[in-house]
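Enquirer: Residues per chain are reported as follows:
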Amino acid sequence: MAKRPTPTEFVVVRDEQKCISCQACVRMCANDAHVYDAQLDTVSVDNEKCVGCHFCETICPTGALTIQRNPSEFKLNANWDARTIKNITKQAQTGGVLLAGMGCDRPYPIYWDHILLNASQVTNPSIDPLREPMELRTYIGRKPDVIKLGVMSSEFVEKNKKLRTTNYELRTQLSPQLKLETPILFSAMSYGSISLNACKSLARAAASAGTFYNTGEGGLHKDLYQYGANTIVQVASGRFGVHKKYLQAAAAIEIKIGQGAKPGIGGHLPGEKVSYEISQTRMIPEGTDALSPAPHHDIYSIEDLKQLIYALKEATRYQKPVGVKISAVHNVAPIASGIVRSGADFVAIDGLRGGTGAAPTVIRDNVGIPIELAIAVVDQRLREEGIRNQASLIAAGGIRNSADIIKAIAIGADAVYIGTAALVAMGCNLCQKCYTGKCNWGLATQDPYLTKRLNPDIGTERLVNLLRAWSLEIKEMLGGMGINAIESLRGNREQLRGVGLSDTDLKLLGIKPAGEAW
Amino acid sequence: MGTKKRIVIREEYCMGCRLCEVHCLVQHSQTRNIIKAFKGEFPKPLSRIIVEEKGYVSFALQCRHCTDAPCLQACITGTLYRDKKTKAVLCNEDKCVGCWMCIMVCPFGVISRDLKNKKIASKCDLCLPNEEIQSRSSSGSRRTSKKTATFGMGEELPVCVKNCPNGAIVFEPGEKDALRNHW
Chain A
1 MAKRPTPTEF VVVRDEQKCI SCQACVRMCA NDAHVYDAQL DTVSVDNEKC VGCHFCETIC
61 PTGALTIQRN PSEFKLNANW DARTIKNITK QAQTGGVLLA GMGCDRPYPI YWDHILLNAS
121 QVTNPSIDPL REPMELRTYI GRKPDVIKLG VMSSEFVEKN KKLRTTNYEL RTQLSPQLKL
181 ETPILFSAMS YGSISLNACK SLARAAASAG TFYNTGEGGL HKDLYQYGAN TIVQVASGRF
241 GVHKKYLQAA AAIEIKIGQG AKPGIGGHLP GEKVSYEISQ TRMIPEGTDA LSPAPHHDIY
301 SIEDLKQLIY ALKEATRYQK PVGVKISAVH NVAPIASGIV RSGADFVAID GLRGGTGAAP
361 TVIRDNVGIP IELAIAVVDQ RLREEGIRNQ ASLIAAGGIR NSADIIKAIA IGADAVYIGT
421 AALVAMGCNL CQKCYTGKCN WGLATQDPYL TKRLNPDIGT ERLVNLLRAW SLEIKEMLGG
481 MGINAIESLR GNREQLRGVG LSDTDLKLLG IKPAGEAW
Chain B
1 MGTKKRIVIR EEYCMGCRLC EVHCLVQHSQ TRNIIKAFKG EFPKPLSRII VEEKGYVSFA
61 LQCRHCTDAP CLQACITGTL YRDKKTKAVL CNEDKCVGCW MCIMVCPFGV ISRDLKNKKI
121 ASKCDLCLPN EEIQSRSSSG SRRTSKKTAT FGMGEELPVC VKNCPNGAIV FEPGEKDALR
181 NHW
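Protein sequences, first through last, are from chains A and B. Position 361 (the first sequence) corresponds to 361 in the numbering used here; numbering is contiguous. Position 154 (the second sequence) corresponds to 154 in the numbering used here; numbering is contiguous.
What the hints contain is simulated information worked out from the structure, not anything from laboratory work. Quick reminder that beta carbons are idealized off the backbone N, C-alpha and C, glycines included. Among the hints, a few may not be true.
[As the list claims (entries may be wrong)] Simulated pairs of lysine-lysine, DSSO-like, Cα-Cα distance not exceeding 27 Å:
1) B/119 - A/438
2) A/313 - A/86
3) A/273 - B/54
4) B/54 - A/49
5) A/179 - A/306
6) A/49 - A/90
7) A/245 - A/306
8) A/75 - A/86
9) A/148 - A/90
10) A/18 - B/39
11) A/49 - A/3
12) A/18 - B/116
13) B/162 - A/18
14) B/44 - B/119
15) A/18 - B/85
16) A/143 - A/306
17) A/3 - A/148
18) A/49 - A/306
19) A/179 - A/222
20) A/18 - B/119
21) B/5 - B/119
22) B/36 - B/84
23) A/179 - A/244
24) A/245 - A/222
[Said to hold, decoys possible] Computed footprint of chain A on chain B; a stretch qualifies when at least three of its residues, placed anywhere within it, have a C-beta under 8 Å from a C-beta of chain A:
25) 22-35
26) 89-95
27) 161-168
Excised from the complex, chain A in its bound form (with noise of 0.2 Å):
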């Protein structure tokens, strides 16, 4: 007998006794999980298509809904788990790839949980930033290796003399700068894995909060050139939508060499994603699909990668940072040196747990490593070789809440890219579907039914709201270790602490045990 992947995975369970048969639950839901009978006047609940995005559970007027985790168990087996059996089985019935959506969702150690951070007593003195000034602005580009100070000339000292408080002026000519009110930029999703509504929420909410976001490889849609000066933009393997206004449209460029969720593997959006506007943006005809290759296929070592990098600096006469974002591999540090010793600006590293529209799930689930080592790898070794100053590093994938950001800038980043976080903060609440276009949020799909749901001022707002929050708590945790400036925790180990961390571990994050002192 052909055997069907049973049980569902959600069970939907509706109170009879509050459901008032509105259908609310049976217009929101894109999978057609509910289902209205006239003829009865109620509503039924096919399980096997339900996602568990708890959409119609949000959208239920009387609160009738409830979205519950099957409890038909399979025989307990640690070996052969639930999950895959059900792979196993689904593999049989398909003979296909298995695809998934956002990040890695393996047990693999989160470190960030294993480090504790310091707080001030006695004998130093903690910060109360409410009623002291706190630092978060953070510059992201390459700092000189020494800065000149030189004696004004004394005819500009004298014509100046009401708005100059100094005879000294900076002789060092510094790197373009990105200027970032908090280290927290929106980490790369293009138009096309994402809806426009999302781009608009995000550009927006960047602009307004003084950061970034990224255009992941989707090209600029042309309503978002408003926002170009709170823009990085990327230039991936499939080049999409790169054209010279593209590239002066924005604040920064970033080269893509690898996703944290993918390492090694390219991208696909599928032809019936790609409407008049996608194609439109990516340059492509309509209903293609966008296939971006694995490799950059005029990159195959650092020399390459040079010369893309200075032809982007040329196209935009030396007035952008360009960085590169790499995915979190195995020898990701040796690499990282080579980008900047390759004249990157700033190097974005995509941990193990950063997330994607789609990707082969074993991919997903089993390449790269976790961010926090590799960015403690990563800058250990660019001081180890002096050229740390030479480019900023931004830490992606899998960044939860403000502990983890100040974690991960103590350990050595400047900033952070978060990308879940912010879908989160708009709606998602990681099904991950995304890779079937049908989500009920309206982020991740371009069907015209569903991205009106994301309405971008309240996108935008959710987004805000929760850099704030972010940043308010960071200034407090800041306060607590007696530091009134972001710069001043960069690279700062010593206010890290690891508990239930092997030597090892703690050697490569380089930190000590919890307990030790100075």
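Once you have looked at the hints, place chain B on chain A.
Expert: Coordinates of chain B only, in the frame set by chain A:
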């Protein structure tokens, strides 16, 4: 001219969930309890807001409270009247005889027949507070029936605006003469 505030529809964000209809119905029910309104009230109350749908475009429509309201001209009993304070077109249900002329002339089709209840015209009252409706409910007559008193809960916002999950119905200060061009 024009109202102080008006309901503005942003159809680009209307997702067609029809929660505005649900909440409007509850607001205009006897009990104002969502479960009782749907399951315990017979005849079932009517929603005064109507979600129109075609393809993926949908929007919630309710009385536009036109500046030059044809229903006011057509009403033979003076049931429909203009509220002086808010400039809303309101309905004194006690006076309605069910001639349906207002429905004939309404350019938006937002007045519906309440056949199961009393035979009256049912339309948006902006969820205005009781006092406002009562104070202008009838010229001369001070009698306000229980039915009239259940109009409006003194909501600051119309319930459709308050309960729209996606900000697709907003209550904004009206532009001057914005309601004039209703045809």
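Enquirer: Does each hint fit the structure? Answer for all of them.
Expert: Here is how each hint holds up against the structure:
At roughly 44 Å between alpha-carbon atoms, residue 119 of chain B and residue 438 of chain A are farther apart than 27 Å, so this suggested pair is violated. For the given pair, residue 313 of chain A sits about 49 Å from residue 86 of chain A by alpha-carbon distance, which is inconsistent with the 27 Å threshold. Among the hinted pairs, residue 273 of chain A with residue 54 of chain B is consistent with the structure: their alpha-carbon atoms are about 22 Å apart, no more than 27 Å. Taking the CA atoms of residue 54 of chain B and residue 49 of chain A, the gap is about 25 Å. The hint holds against a cut of 27 Å.
The suggested pairing of residue 179 of chain A with residue 306 of chain A holds, with an alpha-carbon distance near 24 Å, which does not exceed 27 Å. Of the pairs offered as hints, the one joining residue 49 of chain A and residue 90 of chain A holds, with about 15 Å between alpha carbons and a cut-off of 27 Å not exceeded. Pair hint residue 245 of chain A plus residue 306 of chain A holds up; C-alpha atoms about 22 Å apart against a cutoff of 27 Å. With a C-alpha separation of about 13 Å, the suggested pair residue 75 of chain A and residue 86 of chain A falls inside the 27 Å cut-off, and the hint holds.
As the CA atoms of residue 148 of chain A and residue 90 of chain A are separated by approximately 65 Å, the hinted pair breaks the 27 Å bound. Note on residue 18 of chain A and residue 39 of chain B: the hinted pairing holds, with a Cα-Cα distance of about 9 Å set against a maximum of 27 Å. Distance hint between residue 49 of chain A and residue 3 of chain A is fulfilled; the C-alpha atoms sit about 17 Å from each other, no more than 27 Å. Of the supplied pair hints, the one linking residue 18 of chain A and residue 116 of chain B holds, its CA atoms being roughly 24 Å apart against a limit of 27 Å.
Proximity of residue 162 of chain B to residue 18 of chain A is assessed by CA-CA distance (about 21 Å); at most 27 Å being required, the pair is judged to hold. Between the alpha carbons of residue 44 of chain B and residue 119 of chain B the distance comes to roughly 14 Å, so the proposed pair stays at or under 27 Å and holds. As the CA atoms of residue 18 of chain A and residue 85 of chain B are separated by approximately 39 Å, the hinted pair breaks the 27 Å bound. Among the hinted pairs, residue 143 of chain A with residue 306 of chain A is consistent with the structure: their alpha-carbon atoms are about 19 Å apart, no more than 27 Å.
Taking the CA atoms of residue 3 of chain A and residue 148 of chain A, the gap is near 74 Å; set against the 27 Å cutoff, the hint is violated. Between residue 49 of chain A and residue 306 of chain A the alpha-carbon distance is near 48 Å, which puts this suggested pair outside the 27 Å criterion. The suggested pairing of residue 179 of chain A with residue 222 of chain A holds, with an alpha-carbon distance near 24 Å, which does not exceed 27 Å. With a C-alpha separation of about 30 Å, the suggested pairing of residue 18 of chain A with residue 119 of chain B is violated against the 27 Å cut-off.
A threshold of 27 Å between alpha carbons decides the hint, and for residue 5 of chain B with residue 119 of chain B the separation of about 30 Å lies outside it, so the pair is violated. Between residue 36 of chain B and residue 84 of chain B the alpha-carbon distance is near 34 Å, which puts this suggested pair outside the 27 Å criterion. At roughly 23 Å between alpha-carbon atoms, residue 179 of chain A and residue 244 of chain A fall within 27 Å of each other, so this suggested pair holds. For the hint linking residue 245 of chain A to residue 222 of chain A, the alpha-carbon distance of about 11 Å falls within 27 Å, and the restraint holds.
With 4 residues bearing a CB less than 8 Å from a CB of chain A, the stretch 22-35 of chain B meets the requirement of three and the coverage assertion stands. Evaluation of the coverage hint for the stretch 89-95 of chain B: breached, as 0 residues show C-beta separations to chain A shorter than 8 Å, against a requirement of three. Chain A is given as covering the stretch 161-168 of chain B, and this holds because 5 residues of the stretch bring a CB closer than 8 Å to a CB of that chain, at least three being needed.
Hint check: violations occur at hints 1, 2, 9, 15, 17, 18, 20, 21, 22 and 26; the rest are consistent with the structure.
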